[in-house]
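Chains P and C, in that order, give the protein sequences.
Counting from 1, position 61 in the first sequence corresponds to residue 61 in this note's numbering; the numbering is continuous, with no gaps.
Counting from 1, position 152 in the second sequence corresponds to residue 152 in this note's numbering; the numbering is continuous, with no gaps.
Hints are not guaranteed to be accurate.
[To be verified] Straight line, CA to CA, 30 Å or less: simulated DSS-like cross-link-like pairs of lysine-lysine:
| hint | chain 1 | residue 1 | chain 2 | residue 2 |
| --- | --- | --- | --- | --- |
| 1 | C | 396 | C | 289 |
| 2 | C | 22 | P | 23 |
| 3 | C | 440 | C | 454 |
| 4 | C | 454 | C | 289 |
| 5 | C | 289 | C | 440 |
| 6 | C | 22 | C | 80 |
| 7 | C | 440 | P | 23 |
| 8 | C | 22 | C | 289 |
| 9 | C | 289 | P | 23 |
| 10 | C | 80 | C | 28 |
| 11 | C | 396 | C | 440 |
| 12 | P | 55 | C | 117 |
These aren't lab readings, by the way, just hints derived from the structure by calculation.
Spelled out, the chains give:
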Amino acid sequence: MTTMAILTIFILSVFVGFEVVSKVSTTLHTPLMSGANAIHGIILVGAILVAAEAKTTLETTLAILAVVLATINMVGGFVVTDRMLEMFKGKGGKK
Amino acid sequence: MNSNLYALLGLGVAVSFIMALKGLSAPKTARRGNLIGAFGATVATVIVFFDPAIEEGHNTLLIIGAIAFGVIVGVPAARKIQMTQMPQLVALFNGVGGGAAALVAIVEYLNLSAEGKPSTANLIATVFTVIVGSTSFSGSVITFLKLQELMTTRPVVFPGGRFVIAATLVGVLASGGWTISSGGNTPLLVMGILALLFGVLFVLPVGGADVPIVISLLNAFTGLTVAASGYVLQSTLLIVAGTLVGASGTILTRKMAEAMGRSLFGTLFGAFTAKPQAQAVGGEVRPVKSGSPDDVAILLNYAQRVVIVPGFGLAVAQAQHTVRELADLLAERGVEVAYGIHPVAGRMPGHMNVLLAEASVPYEQLVEMEEINPTFPQTDVVLVVGANDVVNPAAKTTPGCPIYGMPILDVAGAGNVIFLKRSMRPGFAGIENDLLYDAKTTLLFGDAKDSLTKVVSALKAL
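For reference, chain P alone in the conformation it holds in the complex:
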């Protein structure tokens, strides 16, 4: 990838990131933070990539540790966000 292409992706993502959360209500600050937290667990993809290409024992050990940590971040993050949001459900349904 050229540096220009990467810069373009980066800058556009910044604006999308600003835009998507610009209207969030106070009520949802916590779940939104938690959801964003889960999304950066996508570093798991990077951890798997480096683990698959690790050559030395040191590299493998560190990469596997990264896979464990990233999985906890991602899976735990989505589950805990879902649990928070579960509390909001059915508000329209039952009165």
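Starting from the structure of chain P, add chain C where the hints point.
Positioned in the frame of chain P, the structure of chain C alone reads:
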């Protein structure tokens, strides 16, 4: 896998994350948004094994085992956690994410260094990821310890602390420069250790109500480290996802800071400007008026309008269902009931909304601070359930106290104020509340749930 197909699937995942964040900003779509994000993340995790960039994959079984282990640790932790402890769990998840990003950068650095000195651009991205990832990791761990009350929740400030912090930061940056200019493992190791230390020092002086802001800020930081790793690994998906979190996290942090009347700058650089504070004058015993559950029930029963102000104590006591029972009982007797929700009541913004929603409190009864404040003079009784800092007039009257400048619920304007408290211990921010000694205040000591249950039965007997 065909590289175009792989790129296309990666793009789909990136879009799912945008939809997830968008969904999470509106109550109706929030849960669906989260599920879309989780689905996208799952797809990304599966397809990465078929990434055409991997020439000969090693360790596949080991990786799958590590993922399984992560799931076994992460899911039960997220499932079993009490609602009250959710903030620190989010902090911890954020920390391990930052740690993972730093590790990924280190491994890639070792890998690239084996083939000669990596390019300067890669070195800069690596240095950035390791510094910010390590800071986020150790900072989040300290936040966790503070919220879990395994250490003091007050700001920890020691004499000359800001010079130590500034010196550490200079050390981090210098070792970063050293890594970029010379490569090699020693500079990176020194830098990583200094960055871990900096994370600890950065969060220690943060106290009380500022902790949630710091969690949110570290969350945004971790997002940016993921983006930087994406640059080194040439992964568009990581760049997009990381940047999204970094950008939305920054906005969110600013919104939280605004909701609390804090300047983001002040929170950010609090570590550099914090001075040891004179501790509140203790020892002086002032009289308070404490009442029985019957007194409280009578006050409530003959009120026209009651506002309930929930705080962290409600969460600790798991009293949300009992408080709702009380509210329903009062409403049956013709009392107008509303809940006054401070944006940062509890330990995270929106904490109370989540909790009361669990007890199916009607959404219309939850009134935000700006709307409820003008109505306090027309309110007969305010029932403060386990809240303290968010109603503490010191935020208005005592310049220099840790919560000075934070908007509060002006409950002092109401006819009567009832505090349900466990003890006279000050709140999370560690500041005395003068309102407790006011003539219109009645205190009912005890666990919030026990007290509320007693009040409910006293009310039924009336």
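Going through the hints against the structure:
1. 396/C with 289/C: Holds, at roughly 24 Å.
2. 22/C with 23/P: holds (9 Å)
3. 440/C with 454/C: holds (21 Å)
4. 454/C with 289/C: Given pair residue 454/C, residue 289/C holds - Cα atoms ~18 Å apart, limit 30 Å.
5. 289/C with 440/C: The hint holds at about 9 Å.
6. 22/C with 80/C: Within the cut-off at roughly 27 Å; holds.
7. 440/C with 23/P: Given pair residue 440/C, residue 23/P is violated - Cα atoms ~39 Å apart, limit 30 Å.
8. 22/C with 289/C: violated (49 Å)
9. 289/C with 23/P: violated (44 Å)
10. 80/C with 28/C: Satisfied, since the Cα-Cα distance of roughly 25 Å is no more than 30 Å.
11. 396/C with 440/C: holds (19 Å)
12. 55/P with 117/C: Holds, because 17 Å separates the two Cα atoms, which is no more than 30 Å.
Hints 7, 8, 9 from the list above are not met by this structure, while the remaining hints are.
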